[in-house]
Structure formats: C-alpha cells, structure tokens
Amino acid sequence: MVDIDLRTDRILLHYVLAFVGLTVLVFLESALGLIPTFYGSVPKVSLCVVFLLALYAPHVASIYLVLAIGIIFDTIQSNPFGYTSSLYLIILLVMDWRRPALMAADDVIIWFEFILTVMALTLYMFIVFMIYHGHWPPVSEMIFQIGFTAMLFPVFNWIAILARQFSQYIGVVK
Amino acid sequence: MARAQGDRKRGRKTTSIASHVLIFLACLMLMTLGKADISAMNSLRTVMTGLVTPIADLVAVPVRAVALMVESAQAAANLREENLKLKEDVKRLSRWRLKAEILQTENLQLRSVSGVIVPEASEAVSARVIAVNADSFAHVVMINVGQNMGIRRGHAVTTTDGLVGIIIDVGARHSQVLLLTDINAMIPVILSSSSWPATTVGLNSTTLKLRFLPKEAMVAIDELVQTSGHGGILPAGIPVGRVVSIKDDQIKIKPVVDLRRLSFVSVLVTDKDPVFSTQDLLNQAYSPLPPSDDTFTLQGLNAVGERQSSDVLENKAEEGGN
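One line per chain: the protein sequences are C and D, in this order. Per my numbering, residue 1 is the first one in the first sequence, and the count goes up by one each step. Per my numbering, residue 1 is the first one in the second sequence, and the count goes up by one each step.
For the record, the hints were derived by calculation from the structure and aren't laboratory data. No false leads were mixed into what you were given.
Derived SDA-like pairs (lysine to any residue); straight-line CA-CA distance at most 25 angstroms:
id, chain 1, residue 1, chain 2, residue 2
1, D, Lys35, C, Leu121
2, D, Lys252, C, Ile131
3, D, Lys254, D, Ala75
4, D, Lys35, C, Gly134
5, D, Lys252, D, Pro197
6, D, Lys247, C, Ser140
7, D, Lys252, D, Glu223
8, D, Lys247, C, His133
9, D, Lys254, C, Glu141
10, D, Lys209, C, Val139
11, D, Lys247, C, Val139
12, D, Lys35, C, Ala120
Listed below are several chain C residues computed to face chain D (Cβ distance under 10 angstroms; list not exhaustive):
id, residue
13, Ile35
14, Thr75
15, Ile76
16, Ile131
Now the in silico label distances, taken between C-beta atoms and shown as ranges:
id, chain 1, residue 1, chain 2, residue 2, range
17, C, Phe166, D, Leu33, 39 to 45 angstroms
18, D, Ser43, C, Met151, 36 to 42 angstroms
19, C, Ile131, D, Ala220, 33 to 39 angstroms
Where is the CB? At the ideal position from N, CA and C, for every residue including glycine.
Starting from the given sequences, assemble the full structure and let the hints guide the process.
Right, here's the structure in full:
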C-alpha cells in the first residue's frame, strides 16, 4: 500500500515537473520570436521535447498534458486553439507505434525518425493552413522552421540521455 | 492466463489510441470553432491571453536581452559601413527636406481649394511588444497596453517608420495587434506618386501583395505606398511599404517597418470609434490625382504619431510668406 502511494506520488511529481518544464519551454519558444533571425519561424523546440518525452518517459507524456501545453502556446501566439495540441498529439500517436522499435535504436536512427515525423507534421501544417486561410502557406519560412528544429534535435536528445543517466544514477545512489 | 493478459494489453492499447483520436478530433473542433468567430471563444481567448501575458512578459526579458546583445555585436561589427551609409542618408534626407517644405506649402494650398477636413488628432500611446509571432500561422503580436490606456479594437499601431498593424483584441492590460503581413490583414492604400487606390494583402511572410490596383495605374519600383483612410478604420497618410517587385500583375510590397525588430510601438488612440458609419464611408468619395512626377503627399502623421492640425500648417505657411 505504502509502495503504491510512493509510486503514485512519484508519477504525480513527474507530471508536475513535465508540465512546469514544458510550460516554461513554450513561453521561451514564443519569446524567441523577438530575435530577428527567428521572426515568424522560431524552431519548434517543444516538438523535440514532446518526441523525447514520448520516447523515454511515456508515462509522463499524456494526451492531457500536451493538450494543455498546446493551448497555452496557441494562446500566446494567437493560433487557433487546438492547432499546436494536434501537432503534439500526432507525435504521441506516432511514438505509440514506433517506441518499441526506437528504444533499442541508435541515436542516428532516432534522429532520422524524428525528421520523418516532422516532415509528416509539416504536411499536416500545410493542409491546416490551406484549409484555415484558403491560401498557400509561406513555404520558405516553414521549411526554415522545421529544418532548424530537425537540426536542433540531436542537442535535445543528448540532454535527454544525460538527464536519464543522471536520474538512473540518483536512483542507484538512493 | 497468458492469453487473458494479452487481451488486456490489446484492450488498453485500443483504448489509448481511441482516446488519442478523440482528443485529436476535439482539437480539430476547437480550431473550427475558432474559425467560426464565436464571441464566447473570443472572450475565452481574451481572458486566457490576460492570464498568460504577465508570464510571457517575464520570460521575454532574458530573450530580449540576448537579442539586444546579438544586435549590439552585429552593429559594432558594421559600424564603419553603417557610418558611411548614414552620411549618405543625411545628404539624401536634406534634399528631401527641402522638397518636403515646398510640397507642404503646396499641399496646404490644395487643401484650401478642395476643402478637405483634417481628421481629428490622435494621441500616441507607447507600448512594449511582449510576444512576437513564433510561427507562420498567424502574424500577431502582443503589446502591454489595453483598456487601461484607452485602447480599442481598430486603433492603428505604428512606429516612427510607418504602419505596424491594427488592434484586433483588447484585454485589461494587453492588446493583440494584427500585423499588416498577416494573411487576414487587408489595408486600403494609395500609391504616393499618383494616389491610385489599392489594397495590400498579407502573405504571412515578410512581404505584402498589392491587389485591386486599377489597370491604368503606373507603379514604379521603390514607390511608397501609404494608407488611404478608406474604410474609416485607419487614418490616411501612414507609410505602409515600398514596391519591391512587379511581375505579371503581381506587385510585392516590403513594409517600411522592420517587423522583425519590433520592441516598442505607438498605438494611435482616437476618441471616436475607429469604425465610421455608412454615411461617413459614402462621403469618402475618391478621385485620383493626375499623374505627376513631382507629386509627393506628406499628409499624415509625424514620427511620434501626431497629426498636424490645419492651424499649425496655416501658421507655418504664413511664416513662410512673411
């Protein structure tokens, strides 16, 4: 009974940490638009983080968490509510399917899978943009944004691996 | 036993996928409701934006500092080149100033003939930009003034260079500005040299498209495009952009304001509701000026967003005459 309580507490703590971390991240991502280089095409670093969370900590990457985070981002960015959440949900769906294969895969393979996923997301973004605005989207900005995001992924993967090793080490010490 | 466990696992997976799909559909529904422009959704957005604004403002501080540092480093590197360019600009502007003074007097004389009424003065309210568009879906920025400073929907937002956009949503202490580059932004404009009317349409990119320009109108590269005041929402005479390319009826405009470097803006607050009555709109009968090489309209707002009243212009003309 005590074990179950402790486990529940730990999961709750992980949830809270993930929520706070992702919230800060989306605010930072939004603020990056203030840097002229990234005007209108800030790398979607939150996609990297959601992908990695779904890979390494699937118990934390819940649909409700990404729904809430997506709506916060859409609020700051004046995007239609649900747009960013739907992007995150697609990642979760893909990872639900690909996680068993990726858990034992090399980093390069994970990166490759991420690139494929964001390419699928770009297609989705194109379609949504065209339906929503009835106009062809700004292709160069979108490609820059997604390309930059794909390039940044290894950095986030490396940080995630380090964090994972650190948490395992802490677990061993305890 | 093993079979039962397998069934349970399969059942859990099916439930998980079903809930993913359900939430995904809910997201699509939310997006559709947003597009439908339902007032409840708009109110919800205003309330939620009011909640996130202080956090966005706080988080933007270090990012803004980094951006400033990067910009300062770049500026230091380009100092010599910049200095030469500025000297050249000063020479060019001196020539323009002289020409402007002459045209200002001419403009005043034309006003006295045509009986144009100078619109009511606007008050410029300074605001800091809190959040800029991070992706290309919507070109909207958030500023840190709202109802507390008398801001209302439809007020024009400018910098010293020209038009930035228009207020589309107002909270207690924040407002959202639809940039002129947004795909939903359509600004009635005139060509500065000939006063032909047209409309700029955003492309969610760094340039705008010029539409509804009469076929007989002549456009030149680098020509200034300014607000016409038609429609009654934006004041006339605010610089919007310059023509950068003309290709097969496709005219591209580059905004005069560098929207990538927005830090502070001015909101032109008027006492009057920015949306005029239908009669006001009908009264704005339009007739283009005859094409002339030396015509350059300077009517409008100065760098701080103040409109010069006809009295001031008359006094200046009298001083010039004396």
